[in-house]
Amino acid sequence: MTRPDAQASAPRTWKKPPFIANPLIRYGILILAAAYLIWAFGSLPFNWARISEGLPRAARIFSGGFPPNLERYELLITGFKESFQIAILATLLGVFLSIPFAVMAARNIAPMPIYLIGRAVIIISRSFHPVIVAILFVAAVGFGPLAGILTLTLYSIGFVGKLLAEEIEEIDWGQVEAMRAAGAGYLATLFYAVFPQILPRQVGLSMYQLDSNLRASAVVGIVGAGGIGGTLMNAFGRYDYDFAFAILLVIIAVILLSEGVSGWVRKKIW
Amino acid sequence: MLEIKNLVKRYGRNKAVLEGLDLKVEDNSVVSIVGASGAGKSTMLRCINRLVEPTSGSITLNGTELVHLKGADLRRARRKIGMVFQGFNLLDRLTVMENVLAGRLGYVNLYQAITRRYPQADIERAFVLMERVGIAQYANKRADELSGGERQRVGVVRALMQEPEVLLADEPTASLDPRTSEQIMMLLQSLASELSLPVLINIHNVSQAKTYTERIVGLRHGKMIFDGVPADFNKDALDAIYGGIEAPDDATSNAPVEERAHDPA
Amino acid sequence: MVDHAQKLADHVWQRYNAKERLIRYAVLLVTLMVVVWAVRDIDIFWPWVWDAPNQISGLGARMWPPSAAGLGNIVNALIETVHIATLATFLTIFLALPVAYIAAQNTTPNRACLWLGRFILVSSRSVNTIIWALLFVAIFGPGVLAGILAIVFRSIGFIGKLMGEAIEEIDRRPVEAMEATGASKAKVIAYAIVPQVMPAFFAIVILRWDINIRESTVLGLVGAGGIGVILQGSIDTFAWPTVATILLAIILLVLIGEAVTSLLRRKVL
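Residue numbers (this note's numbering), protein chains in the order written: chain A, 11 to 280; chain B, 0 to 264; chain C, 490 to 758.
Treat each hint with caution, since some may be false.
In silico DSBU-like links for lysine-lysine, alpha-carbon gap of 30 Å or less [claimed, not checked]:
#, chain 1, residue 1, chain 2, residue 2
1, C, K674, A, K25
2, A, K26, C, K756
3, A, K26, C, K674
4, A, K278, C, K508
5, C, K674, B, K140
6, B, K79, C, K674
7, B, K140, C, K756
8, C, K508, A, K25
9, A, K277, C, K508
In case anyone wonders, no lab produced these hints; they're calculated from the structure.
With the rest of the complex left out, here is chain A:
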């Protein structure tokens, strides 16, 4: 082999080039991260006395929770029925209402002031976790499924509206021009050139939204907006852990089932 003797005398070193070239930034980021962790852990109010009781309590909860108890299945069925109803009605309302908001929030077909309003509605309804919205609706219209429906309708508008608005922004503009050239008005253009292009997506999105509304309907009940969440909360509140775990297991089963069905339907449609 050809040995380059000239260089063999001076041993060559090699180091892996660092991920961030500037050492100041590299170590700065590390120090900042460490400082942040210390600050965050130090400043959070941990109640160590209470936390130390945790393990015996966990043991009590889990031994109380097993085996899960399905004796009061009627309560469970009532709760689930309400959750389904909330999810179905909210999905229907949400998917229909999301269309006007999506049109408003699509830059290519909405005039500027309307666009801003549409975007604002979507951003606001997406910023709030459904549970926060639920607690406000409970305050406004009282306990029960109505608050749940309103909450999930708003939630659906935010989610479906955003995706739909993006879809509208990406439509084939040629069809719109063709309609306009044919002398169609604004609404006719919407119905003939815009909606047919987004309809398949909308059907798939509704199935997806039904699935995620069903998930969400299980939690909005925790703050009193109806459905199985309320039943779960009550069971927890009464230290009725075996029933609570039974509810939890059924919720998991239903969510898995609904995920499977929704996925199957969406595959069929697309």
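Put chains B and C on the given structure of chain A with help from the hints.
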């Protein structure tokens, strides 16, 4: 010396891919293995370093039986067997130097591997080898920034970093353009004599096999049907190996040998 | 006349064939029946529904104008919320990666580990953060620890599932090459797998951090720390102008979170 005896490989209950292969490769010789796709070339090479588990038979490298090795023993045996791949199989997101040093993974400990603190001797050897094949200037470039020929050089250097006792090359030129593949073949040939290393090259290109290797082994349906020097590799041998299956790639192009068959099919 | 009608019938244009139409009508009918059942059966006092717009606008009026009182508290609670989300995301990384490793087809040590990993991922994902919070509040008492654990337990499923998929999608060839050098399993992972999944890892963690910011705003409603605690307190005391301020603060937090996320994505990826 590498010695294969009665090697059989069967996937599940299907017909065997290798049907009792025998092969003896002395030190310091370059052997090319030719055969149609599915003849078992790649399976044979992978049986040697046990990337594929042989069904039965015996493979010895300098006296060590490889077939029944397990765990750390297998890894220790593997580091003496360098391999060059058709698709280069580089660590694309790592630098060329890291790729090259990865050839030492069988020797260094985990801490050295993860922190990239390789022994000075390894780094020295890496530079020497990279200079030998002309890629030293890319040491700190990402492997996926290199051209195909350069990438295969990285692959070759990585295999040589293992200080192998045998070098396996599985279609090392199949992903390269004709010019570059000639260069890689020349490189393998000269490295074999410089390092007195037995080299086994799976190759599709019969003319390259004849030009750059001193012994040709022909496989068909998992059986060896030719074993001899390039001069003996005539139209009959070619027909026996490829006949009725497919035309060997590039067999009819840029070949210096006269008696080569034209379109055996 | 009859002729004309016949002619018209021939010219009727049908978008779907008979079977497709049948399926469409059946789906429509079933949907309609389900909706009618839901509307008739649901436990709603309908006069309240007609009154709902009044109630909602009434609540809105009571919130206006937002009150600046207690702004210091709100800011502190926001910082606590961010801490919960960040620490939880950080802790999740250490728990989710091993789970992803055993839940990926190509790296799992054996079938038992594969199913254990999948079981962990599914149970983590099917239980909502707030339900996890409920459980941990019952165990460790109200406070940030319950919140952090709730988010960790929900995020394991998310990060673990996506990382597992990323591991399953890697290029096998470098793995083969590393095995051929005689590298041990740990070295193969460090050299052939880790670099390949790094970009996915950063993207997934950043995405989950963004989601966790939102999720940690509600933990307080079941007593698990963060801005939700003072939101609940203000609602309970009917301090509506403060509620409005808190809501605005949450929007601001979420928007900042989104901005930081997209900045990180551009910088890191």
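Comparing the hints with the structure gives:
1. Pair hint C/K674 plus A/K25 holds up; C-alpha atoms about 24 Å apart against a cutoff of 30 Å.
2. Using a Cα cut-off of 30 Å, the hinted pair A/K26 and C/K756 holds, with the two alpha carbons roughly 21 Å apart.
3. At most 30 Å may separate the alpha-carbon atoms for a hinted pair to count; A/K26 and C/K674 meet this at roughly 22 Å.
4. Of the pairs offered as hints, the one joining A/K278 and C/K508 holds, with about 15 Å between alpha carbons and a cut-off of 30 Å not exceeded.
5. Taken as a hint, the C/K674 and B/K140 pair is honoured in the structure, with Cα atoms around 26 Å apart against an allowance of 30 Å.
6. The straight-line distance between the Cα atoms of B/K79 and C/K674 is roughly 18 Å, inside the 30 Å bound, and the hint therefore holds.
7. Between B/K140 and C/K756 the alpha-carbon distance is near 20 Å, which keeps this suggested pair within the 30 Å criterion.
8. The straight-line distance between the Cα atoms of C/K508 and A/K25 is roughly 69 Å, outside the 30 Å bound, and the hint therefore fails.
9. A C-alpha spacing of about 19 Å is found between A/K277 and C/K508, which places the hinted pair at or below 30 Å, so the restraint holds.
Going through the hint list in order, the structure does not satisfy hint 8, though it satisfies all others.
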